[in-house]
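Engineer: What follows is each chain in one-letter form.
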Amino acid sequence: GAVVSQHPSWVICKSGTSVKIECRSLDFQATTMFWYRQFPKQSLMLMATSNEGSKATYEQGVEKDKFLINHASLTLSTLTVTSAHPEDSSFYICSANSGGGNTGELFFGEGSRLTVL
Amino acid sequence: DAKTTQPPSMDCAEGRAANLPCNHSTISGNEYVYWYRQIHSQGPQYIIHGLKNNETNEMASLIITEDRKSSTLILPHATLRDTAVYYCIANAGGTSYGKLTFGQGTILTVHP
Chain A
4 GAVVSQHPSW VICKSGTSVK IECRSLDFQA TTMFWYRQFP KQSLMLMATS NEGSKATYEQ
64 GVEKDKFLIN HASLTLSTLT VTSAHPEDSS FYICSANSGG GNTGELFFGE GSRLTVL
Chain B
15 DAKTTQPPSM DCAEGRAANL PCNHSTISGN EYVYWYRQIH SQGPQYIIHG LKNNETNEMA
75 SLIITEDRKS STLILPHATL RDTAVYYCIA NAGGTSYGKL TFGQGTILTV HP
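Respectively, the protein sequence lines represent chains A and B. So the number in this note's numbering is just where the residue sits in the first sequence, counting from 1, plus 3. So the number in this note's numbering is just where the residue sits in the second sequence, counting from 1, plus 14.
Chain A with its partners taken away, still in its complex shape (with noise of 0.2 Å):
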């Protein structure tokens, strides 16, 4: 089946340093991709959903600026923190719709696990 994957899946920095994390289609093509942010005994929330050539369009209240989306393939997706804070850790996670039709199964990432001290 389609797989999505995430790297790093854990990564650890010091405050005020910039993260970035990629989401890689690896057997489909994914015009759209999404990425979504979870904290600790919290469910999932969408952050931002990620276009192939064009800018990533974000949820309310989250900061596009701080959240720096780049989607420059059809198979790669990346999210950068900038300027990590201790508040950003979390848990960050993409999805990515293989193409079958827009009704069908999402797939997502293992997640990559952020902690900024």
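Hints were generated in silico from the structure; no laboratory data involved. Don't be surprised by glycine CBs; every beta carbon is placed ideally from N, CA and C. Mixed in with the good hints there might be a few duds.
[As the list claims (entries may be wrong)] With beta-carbon atoms standing in for the labels, derived distance ranges:
hint, chain 1, residue 1, chain 2, residue 2, range
1, A, Thr-34, B, Ala-31, 24 to 32 Å
2, B, Ile-88, A, Thr-20, 42 to 50 Å
3, B, Pro-35, A, Lys-17, 42 to 50 Å
4, A, Gly-64, B, Ile-77, 21 to 29 Å
5, B, Thr-86, A, Ser-86, 42 to 50 Å
6, A, Pro-43, B, Lys-17, 46 to 54 Å
Fit chain B to the known structure of chain A by using the hints.
Structural biologist: Just chain B now, kept in the frame of chain A:
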């Protein structure tokens, strides 16, 4: 997406059927019912989805009431590896496809 309501937790004995209910009384006619599950510290995994008819796949069955205001996910023979948080989501697809609204879900614990 229509709001969905699920019990916060459920228990099930290994080998028995797990029946997870979901209420979606305000669901629109074009919204599908999706079920995903999340095992601890992993990304969500698709289980099944349906619109009006009952659906079955290798993982589970989905029973949707005739008025579509509620549904039940059935894991026919639960195993310990089915312990996870189960999310019931209503989504219309189209322009909102992929923008899933996750509620708190049901924590299913399968015990020996």
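Engineer: Please write out, lowest number first, the hints stated earlier that are contradicted by the structure.
Structural biologist: 1, 4 and 6
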